[in-house]
Every structure is written in C-alpha cells, then in structure tokens.
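Participant: The lines below spell out each chain.
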Amino acid sequence: MAEQFYTVASDSETTGEDKSQASFPDVAVGIDIGTSKCSVAIWNGHQVELLKNTRNQKGMRSYVMFKDDTLSAGVTGGAAKENAHEERDILSGSAIFNMKRLIGRMDTDEVVQASKTLPFLVQTLGIGVRPFIAALVNNMWRSTTPEEVLAIFLLELKALVEMHLKHPVRNAVLTIPVAFSRFQQTRIERACAMAGLHVLRLMPEPTAVALLYAQQQQQLVHDNMGSGIEKIALIFNMGAGYCDVAVAATAGGVSQIRALSGCTAGGEDILQNIMRHVLPNFDGIYAGQTMDRIKSMSLLRIATQDAIHRLVSQESVEINIDLGNGHMVSKVLDHSEFEQVNRAIFDKCEKIINQCLADAKLVPEDINDVILVGGCSKIPRIRSLVLGLCKKEVSYKNIDALEAAVSGAALEGAIASGVNDPSGSLDLLTIQATPMNLGIRADGDSFAAIIPRNTTVPARRDMLFTTTHDKQTEALIAVYEGEGERAEDNHLLGYFKITGIPAAPKGAVDISVCMDIDAANVLRVFAGVVKPQGPAIPPFIEVRMPTLDDGHGWCGQALAKMYGRILDLAVLPKKLQP
Amino acid sequence: MPHLAATPPTSSAAAVPAAGRIAFRRPWNTPQPEALRLRLRLRARGVRREDGGGVRTEEQEQTAPRTFYDLLGISADGSPDDVRASYRRLALKYHPDVSPPGAAAENTRRFIEVQEAYETLSDPSRRASYDRALARGVCRLAFSGRRSQSHHAYYHYQEQEEGSGWRRSWEDQIAELKRRSVAKDSEENLSWGARMRRRAEASAAE
Numbered sequence: 001m002a003e004q005f006y007t008v009a010s011d012s013e014t015t016g017e018d019k020s021q022a023s024f025p026d027v028a029v030g031i032d033i034g035t036s037k038c039s040v041a042i043w044n045g046h047q048v049e050l051l052k053n054t055r056n057q058k059g060m061r062s063y064v065m066f067k068d069d070t071l072s073a074g075v076t077g078g079a080a081k082e083n084a085h086e087e088r089d090i091l092s093g094s095a096i097f098n099m100k101r102l103i104g105r106m107d108t109d110e111v112v113q114a115s116k117t118l119p120f121l122v123q124t125l126g127i128g129v130r131p132f133i134a135a136l137v138n139n140m141w142r143s144t145t146p147e148e149v150l151a152i153f154l155l156e157l158k159a160l161v162e163m164h165l166k167h168p169v170r171n172a173v174l175t176i177p178v179a180f181s182r183f184q185q186t187r188i189e190r191a192c193a194m195a196g197l198h199v200l201r202l203m204p205e206p207t208a209v210a211l212l213y214a215q216q217q218q219q220l221v222h223d224n225m226g227s228g229i230e231k232i233a234l235i236f237n238m239g240a241g242y243c244d245v246a247v248a249a250t251a252g253g254v255s256q257i258r259a260l261s262g263c264t265a266g267g268e269d270i271l272q273n274i275m276r277h278v279l280p281n282f283d284g285i286y287a288g289q290t291m292d293r294i295k296s297m298s299l300l301r302i303a304t305q306d307a308i309h310r311l312v313s314q315e316s317v318e319i320n321i322d323l324g325n326g327h328m329v330s331k332v333l334d335h336s337e338f339e340q341v342n343r344a345i346f347d348k349c350e351k352i353i354n355q356c357l358a359d360a361k362l363v364p365e366d367i368n369d370v371i372l373v374g375g376c377s378k379i380p381r382i383r384s385l386v387l388g389l390c391k392k393e394v395s396y397k398n399i400d401a402l403e404a405a406v407s408g409a410a411l412e413g414a415i416a417s418g419v420n421d422p423s424g425s426l427d428l429l430t431i432q433a434t435p436m437n438l439g440i441r442a443d444g445d446s447f448a449a450i451i452p453r454n455t456t457v458p459a460r461r462d463m464l465f466t467t468t469h470d471k472q473t474e475a476l477i478a479v480y481e482g483e484g485e486r487a488e489d490n491h492l493l494g495y496f497k498i499t500g501i502p503a504a505p506k507g508a509v510d511i512s513v514c515m516d517i518d519a520a521n522v523l524r525v526f527a528g529v530v531k532p533q534g535p536a537i538p539p540f541i542e543v544r545m546p547t548l549d550d551g552h553g554w555c556g557q558a559l560a561k562m563y564g565r566i567l568d569l570a571v572l573p574k575k576l577q578p
Numbered sequence: 001m002p003h004l005a006a007t008p009p010t011s012s013a014a015a016v017p018a019a020g021r022i023a024f025r026r027p028w029n030t031p032q033p034e035a036l037r038l039r040l041r042l043r044a045r046g047v048r049r050e051d052g053g054g055v056r057t058e059e060q061e062q063t064a065p066r067t068f069y070d071l072l073g074i075s076a077d078g079s080p081d082d083v084r085a086s087y088r089r090l091a092l093k094y095h096p097d098v099s100p101p102g103a104a105a106e107n108t109r110r111f112i113e114v115q116e117a118y119e120t121l122s123d124p125s126r127r128a129s130y131d132r133a134l135a136r137g138v139c140r141l142a143f144s145g146r147r148s149q150s151h152h153a154y155y156h157y158q159e160q161e162e163g164s165g166w167r168r169s170w171e172d173q174i175a176e177l178k179r180r181s182v183a184k185d186s187e188e189n190l191s192w193g194a195r196m197r198r199r200a201e202a203s204a205a206e
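Chain order of the listed sequences is B and R.
Going by UniProt numbering, the first sequence opens with residue 1, and the numbers climb by one from there.
Going by UniProt numbering, the second sequence opens with residue 1, and the numbers climb by one from there.
None of these hints come from the bench; they were simulated from the model.
Hints may contain errors.
Stated by the list, open to error - Cross-link-like lysine-lysine pairs, in silico, DSSO-like; alpha carbons within 30 Å at most:
# : chain 1 : residue 1 : chain 2 : residue 2
1 : R       : LYS93     : B       : LYS361
2 : B       : LYS52     : B       : LYS37
3 : B       : LYS231    : R       : LYS93
Work out the full structure, taking the sequences as your base and the hints as a guide.
Facilitator: Okay, here's the thing in structure tokens:
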C-alpha cells in the first residue's frame with residue numbers, strides 16, 4: 001500500500017500526557033465509530049455540536065472503498081467523485097466495512113467466522129492467528145488489515161473536522177463497546193496513531209451516554225431548583241456490532257458507573273440470521289467468493305436489510321428477490337417469525353441486562369430511567385424486552401438514540417481537556433468502572449482475579465502469591481482479562497518473569513502482584529518479592545499491559561506448556577493477604 | 001505495512017512511591033503466632049502511614065485523616081445519603097479527569113483512598129464491622145491505596161468479633177447501644193438481609 005495515504009505516527013505519541021500542551025485551543029473531539037455508522041462531535045464553547053460531511057450527513061457510513069487504485073472512506077462517501085458510492089458498490093467486494101467487528105480478533109473467533117460470508121475476503125486458518133483480509137481492486141484481491149482500514153477512515157474524518165474547525169486536531173475521545181478487550185483497545189489506539197490522533201480516552205459507549213444524562217439531570221436541577229437527589233439509569237445500547245448495558249447513579253453532575261456488561265450481539269447478527277432463514281442453503285450457495293456470488297449476495301443483503309428496517313413499523317414484510325442461477329427468494333416475514341429466528345440474540349441481551357442489575361445489586365424497581373440508544377434499540381422486540389426487564393412503560397425521551405454516544409464522548413473530551421465553562425455546563429464527572437476481571441494465572445490454570453469486574457477506575461489492587469516448589473527462584477506472571485474461571489478461557493494480555501526469588505522451601509516467600517489502572521485506562525502490573533528470606537531483595541518489575549503485539553491464541557498455550565508448572569505460583573489464603 | 005515497534009513501557013510518577021512502599025516493607029525476623037503477626041503487621045503499617053513516607057507535607061501530616069469518616073468529612077453517624085454526597089463532592093475534587101495536570105498523580109492516590117472509604121461506609125454490613133472495630137480502637141488507620149489491605153482488615157474485624165465476643169466489656173456494649181440509638185439509619189440498615197450477607201461473608205472468610 002502506498003505510504004502517502006496516511007501518516008504513520010510513532011507509538012510514543014500515544015503515551016503522551018493526557019493534557020494537551022498545544023498553543024491553539026485543543027479540545028478533544030468525540031468520535032463514535034459504529035460498526036455501520038460513525039459520527040464526530042465537538043464542544044463548541046457552549047454545547048456539543050455534531051459535525052456534518054459534505055453530503056450534510058451527521059451519521060456517516062463506516063467503510064473504506066479500495067476501488068480503482070484510489071482510496072475513499074465513508075466519511076465523504078466518494079462525494080468528490082461524479083458517482084457517489086451506492087450500496088451496491090459497498091457490497092461489491094471493493095469496500096471493507098465492519099472493521100470495528102473485526103479489529104483485534106483471532107481467526108478462531110466466532111465473529112470472524114461469521115464474517116467469512118461478507119463480500120470482501122476474510123480467510124481463516126483456525127489456529128488463533130489474525131485473519132487474512134483483502135479487498136477487490138482491479139479484479140485482484142489486495143490484502144489489508146482492520147487497523148489500516150480504520151486508520152484510513154480516521155484520516156478522512158480528521159480532515160473533515162479540521163476543515164470545520166480551521167485548525168489542526170490532535171486529541172480525541174473515542175467510544176468503544178463494553179465487550180472490547182484491552183488488546184482490541186490497543187488496536188484502536190494504533191489506528192488512531194496512524195491517523196495522527198492521540199487517544200485521550202477510550203470510553204465505553206453506555207458510559208458516554210451516562211455522562212450526557214448527568215448533564216441533562218444537572219440542567220434540570222438548575223432550571224427547576226430541584227434537589228440533587230440521586231437517579232439511577234439503566235442504559236442499553238445496541239448497534240450493528242455490539243450490545244452494551246450500564247447502570248449509572250447520577251447526582252450533582254457526577255455519574256458513577258455501578259455496573260457494566262456487554263456482548264457481541266448486534267444488527268449484523270440479526271441480518272445474518274434472517275438471510276440464512278430466507279435462503280436455507282445460504283452457506284452452501286455462497287462458499288467461495290466468485291463475482292456472481294458476490295453480486296448475488298449483495299442483492300440478498302440489501303433486500304433483507306430493507307425488510308428488517310420496514311419491520312420496525314410494519315406487521316409483516318415481503319421479501320422477493322431473483323438471485324440468479326435459479327435461486328429465488330419469495331417470503332413473508334412477520335414479527336413472531338423474526339423474533340423466533342433471533343431468539344438467541346434476544347436471550348443474550350436479556351442475560352447481560354440481568355447480570356448488570358445483579359452486579360449493581362439493584363432490582364428493577366430501583367431504576368428511575370431506562371435509556372435506549374443505538375440503531376437496534378428501535379426494534380420493537382428489543383424495546384419491549386428491556387422495558388419489561390426494568391418494569392417500565394416508557395423509555396427516557398430526551399436523548400437521541402443515534403447521537404447520544406458521540407455527544408457524551410465530546411463532553412468527556414471537553415472535560416478531560418480541562419475546558420472550563422462559566423455556565424457550569426461542564427461541571428461533570430463520569431466515574432468509570434472496569435468491565436472485565438483482570439488477574440493472572442495461578443494454581444495451575446486457574447485465573448486469580450486481582451481487579452474484579454466493575455471496580456471503579458482509577459484503581460489499584462494487589463494480591464499475595466507464593467512459590468509452588470522448593471528453592472523456586474523464578475515465577476511466570478501471565479496477565480489475563482476476562483470472565484472465565486480458567487486462565488485459558490480469557491484474553492492473554494502479556495507476560496513477564498519474576499527472577500531472583502530467594503531460594504527457600506515452597507510457600508515461604510511472599511510475592512506481591514499489584515495492578516494499577518489510571519484514568520486513561522492504562523494498565524500497569526507491578527510484581528516482586530515482599531517477604532525476603534535472604535540478604536538482598538530484587539527490584540520490583542513494572543510492566544505496562546498489553547505487551548503482546550498480536551492476540552495469538554497459541555501464545556498462552558505455549559506459555560502454559562513450557563512454564564506453567566515449573567514457574568507456577570499459588571494464591572495465598574485470604575487471611576494471609578496483607 | 002511493517003508493524004510499528006512497541007515503545008518500551010515508561011515509569012509513571014504515581015508508580016514509583018507505591019512500588020517503593022511495597023518493596024521496602026519491614027521484614028519479620030522471628031516467627032510469631034498468626035493472629036499476633038497479623039495484628040502487629042497491621043499496626044506497624046498504620047504507624048508508617050502516619051509518618052507519611054515523605055509523600056505528604058508537614059501541614060498535611062497534621063490534618064491527615066485518621067478514619068474513613070474523617071477522610072470523607074462526615075460524622076460517625078452520617079446517613080447513607082451523607083456518605084454518597086460526600087463521595088461525589090470529593091470525586092469532583094480528586095478524580096484525575098477533573099484534576100489540574102500537575103496534581104493528577106497525588107489526586108489519583110487520594111481518589112483511590114476516597115473510593116475505598118466510600119465502598120466501606122456505603123455497604124451496611126461492612127460499615128457496621130468497621131464501626132465496631134473503631135469502637136474497640138482496632139484498625140483505626142485501616143485504609144490504604146491497596147484494596148486487599150482493607151479486605152484483610154475486614155476479615156480481621158470478623159475474626160475479632162467471632163473469636164473474642166466474651167471479651168467485650170459492658171462499656172463497649174453501652175457505647176454500641178448509644179451509637180445505635182443515635183444513628184437510626186444505621187440501625188435500620190442492619191436489616192435481616194444485611195445480617196444474612198454478613199454471615200455469608202463470614203462463612204466465605206473461613
């Protein structure tokens with residue numbers, strides 16, 4: 001790929017100070033890159049403003065077109081050309097979309113497997129490496145990566161913002177799904193660095209909405225002279241790629257995230273289910289990307305997508321398509337059939353809502369407001385499901401479902417950039433929480449959670465461990481993130497060794513492993529001996545996580561196989577923790 | 001495209017004092033009974049906390065909070081609403097998102113302390129255990145930047161309560177009764193559910 005299409009910034013820029021040191025007014029912009037649509041917003045000195053592209057759109061398609069040896073992203077949608085990109089062009093194999101679904105995933109991931117029927121090329125080997133992705137350019141498949149695609153997209157987005165603001169843009173707050181692992185977050189930061197953007201914060205989407213809600217509640221108190229009573233909101237966000245839930249307690253401009261929960265279920269999954277439902281031999285027909293099949297698939301995709309949209313306001317819809325080669329689809333789809341086909345997805349949504357309420361130690365009656373955001377929140381079944389679980393008749397009305405996340409990100413950008421507003425509109429704070437457990441492998445293949453899920457950020461926790469062998473002088477610290485009881489069920493973030501442990505009988509030496517998450521969500525792990533038996537104490541080790549460049553699945557297995565037993569640690573019993 | 005070389009991890013100012021604190025913990029040369037060792041260790045740590053370890057200025061030393069209540073700036077009979085309001089006020093003051101850049105490291109440490117105090121005092125069963133420990137003069141300085149210390153202190157309260165009930169004097173009982181009569185909210189918070197949770201936590205501790 002030609003270098004001139006984007007600027008490669010060095011990694012060190014992504015570790016710069018949180019606060020800007022530039023001479024011009026450098027307020028961080030808010031960016032919401034959805035799986036299917038993206039938007040960008042900024043604090044304009046008085047309020048949050050969503051920026052529009054040259055086609056007067058606030059929501060811009062999330063894709064990059066690689067056709068004809070030139071690149072253009074969905075930010076402008078090829079508006080500079082005589083023919084703007086049509087839906088059929090985007091589905092022709094020459095465009096890469098769904099990059100947010102693909103970024104940072106291994107080829108054993110079910111999301112990647114489901115993406116193999118997309119019009120662009122996705123190849124997997126099933127051994128835990130990153131998938132091979134390519135776009136159709138001049139009748140050839142040209143390889144790329146989701147990070148590159150995202151960087152190209154961000155570059156065009158950055159140009160759009162700078163054109164609006166008339167000055168360079170340096171810092172950004174981006175929204176991410178709750179289910180994003182730290183590894184995926186580093187991929188996002190890498191793509192931003194390529195585009196010349198420094199990530200000030202990565203904000204889970206429902207917590208961005210919580211910040212917007214906090215501002216509105218504060219405004220309400222201002223206007224009505226009401227008391228600053230605490231309000232509990234359940235925020236449900238479902239877009240094309242992800243589903244997230246958060247419970248936030250809000251009072252006096254402070255929004256405290258009590259619980260977070262997320263999963264990979266979204267509109268894309270619903271679309272795939274319906275396509276397979278109306279065309280039972282879908283996978284057989286579309287195995288292997290030939291020109292005819294890609295074209296046929298795009299017809300089916302467009303028709304099915306249109307049907308799902310119409311089903312929001314209609315009782316039933318007809319789908320009639322001639323796919324060529326003798327394949328016809330002629331079907332009437334109603335609500336009950338739609339819900340039956342997607343039952344597994346709705347069950348997933350229900351599960352994370354219940355988990356979120358349980359984690360927050362709340363019952364539905366404690367919820368004051370239910371906020372539904374994201375494109376899929378318009379689906380009647382979704383609305384009735386969420387409102388039913390929260391025992392509410394109506395959802396909160398004052399937040400736009402498609403603009404909420406990016407507005408919250410822009411607010412956070414202003415706050416974290418140190419902007420002061422005399423009217424008090426920015427006297428706000430979101431107290432974040434970690435969505436996943438963080439810990440290390442210990443006691444064989446067990447996962448010892450040091451920072452549990454929903455811990456308030458910034459956080460610093462430690463745990464004591466001890467040796468498992470007599471005269472053991474080294475220990476492997478393998479850091480994982482996730483919900484599984486076994487370490488291997490979770491995401492491996494990185495590893496390092498503690499050396500110089502005093503030779504002593506097993507269990508005689510105390511080893512402390514401390515994890516620190518700062519406000520920018522940077523994770524650092526400190527580990528070392530704290531109860532020396534010998535004359536000298538080796539220095540503590542500090543490691544910023546993740547250290548892995550790729551999420552290779554077999555890396556964790558190799559570490560466990562080679563070092564899992566001889567460099568193992570055991571968790572000290574609770575009563576012996578400091 | 002070639003992969004960008006990873007930058008070596010850089011130390012942060014906030015990390016160094018904590019790492020130093022951990023690395024230079026006082027060793028115990030002679031074996032001691034477990035309960036006594038835990039108690040001594042905790043007390044010794046409190047003493048060092050009082051010294052400030054060079055992190056706090058002279059002025060801060062004199063006004064350093066001694067209990068979670070002092071840290072949150074509320075009285076010992078503050079209501080749950082008082083606890084939450086105080087927490088929000090201090091969060092707006094110390095959270096790094098709203099801190100001046102130069103004070104971010106120190107304020108992050110304070111925020112973590114405030115968070116720990118809030119978590120203890122906003123959970124009725126943990127608050128009750130903490131109050132009983134305070135009444136006996138044990139674990140007065142029972143907070144630090146590390147969660148597990150508070151965790152341990154909590155289990156320590158449970159241990160004391162279960163193992164040494166017969167040692168509680170009638171003065172302690174009178175003080176307890178006075179505290180309960182004054183703090184009605186606290187008494188109401190000791191609901192059946194709270195007691196069940198405490199017992200479940202106690203059984204989990206053993």
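Participant: Tell me the numbers of any earlier hints that the structure contravenes, in ascending order.
Facilitator: Violated hints: none at all, because every hint is consistent with the structure.
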